[in-house]
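Novice: Residue numbers (this note's numbering), protein chains in the order written: chain A, 103 to 284; chain B, 1025 to 1092.
Derived DEER-like restraints, expressed as beta-carbon distance ranges:
id	chain 1	residue 1	chain 2	residue 2	range
1	B	T1071	A	N132	33 to 39 Å
2	B	N1088	A	M273	34 to 40 Å
3	B	L1062	A	A248	24 to 30 Å
4	A	D236	B	Y1033	29 to 35 Å
5	A	D160	B	L1062	35 to 41 Å
6	A	Y233	B	K1030	34 to 40 Å
7	B	E1053	A	M273	25 to 31 Å
8	A	M137	B	K1085	52 to 58 Å
9	B	V1076	A	L126	27 to 33 Å
10	B	A1035	A	S220	20 to 26 Å
11	B	G1036	A	G125	40 to 46 Å
Straight-line distance between alpha carbons at most 25 Å, and here's what the computed DSS-like set of lysine-lysine pairs gives:
id	chain 1	residue 1	chain 2	residue 2
12	B	K1034	B	K1051
13	A	K128	B	K1046
14	A	K264	B	K1066
15	B	K1034	B	K1046
16	B	K1066	B	K1051
17	B	K1028	B	K1046
Keep in mind the hints are simulated off the structure, nothing from the lab.
Just so you know, even glycine gets a beta-carbon here, dropped at the ideal spot from N, CA and C.
Each chain is listed here by its residues.
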Amino acid sequence: MHLNHKKSSRIVNRITEIQTDGGLPKTGQNMSWYMFDDGYYQMGFPLGGAQRFVDNGDGTVTDMATGLMWVSDPTMVGLGFTMYWYDAIDACENLNFAGHSDWRMPNIFELMSTVDHSRYDPAWDTMYFAYPPDTWTPFWSSTICAPWTDGAWCMYPYDGYKTTYGIPWDMCYVRPVRGGQA
Amino acid sequence: MADKIKTEYKAGKKVVTFPDGKVREIKKEEVQSFRQHLLNQKTNIETQLSRVDADLSEMEKSKNIIVE
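Starting from the given sequences, assemble the full structure and let the hints guide the process.
Specialist: What follows is the structure, given as structure tokens:
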């Protein structure tokens, strides 16, 4: 009975008993600094060294782990400035870009899924996602803060830190997304 | 008890040695950059706190107003 609680047994169970085509993306840490740290396991999708992001050549990027399509550079679509939360939602909803009109503002999970924790300033792969005008100002998500509904969850481009900004008062950047499951 | 991470300061850098021998050098600019990021977070948290305090103050003032 105690054997089932051993670390090695837990790992074997996870691999053999759970079959899925989805899951959390890798964090991006590929350097192991300490035994059994994130860089040691590198858990998440894509498995192995497979390519995660695909540059579609039209200003959009597809994430093979989440199936989401992102605007590579919000400046290219006229969204390279900070704006209020409501305006950011409207801007995404009204966006017609790369042959698609179903763009929307990402929720906080979607936004955080673009973070690469091996990088900072900005904390994403700049091969696929352009440098933001500044890394100190967060990007809006469409997710409202549960205990205080004047706030929406945001993400600092500097390091991917999740924070809350005030919907009626604050101005942040936005990166439109499309696709995903509903 | 696992081996601990060793930290030294050499040639103006922070040198971190991990138990398996890996060495990471951290430059002053990196730490200054992170410090600025923390200050930005602190400013934001103070701003959000003042707004939450304003809400609490209004709630306190309105406690005798009955909702029908």
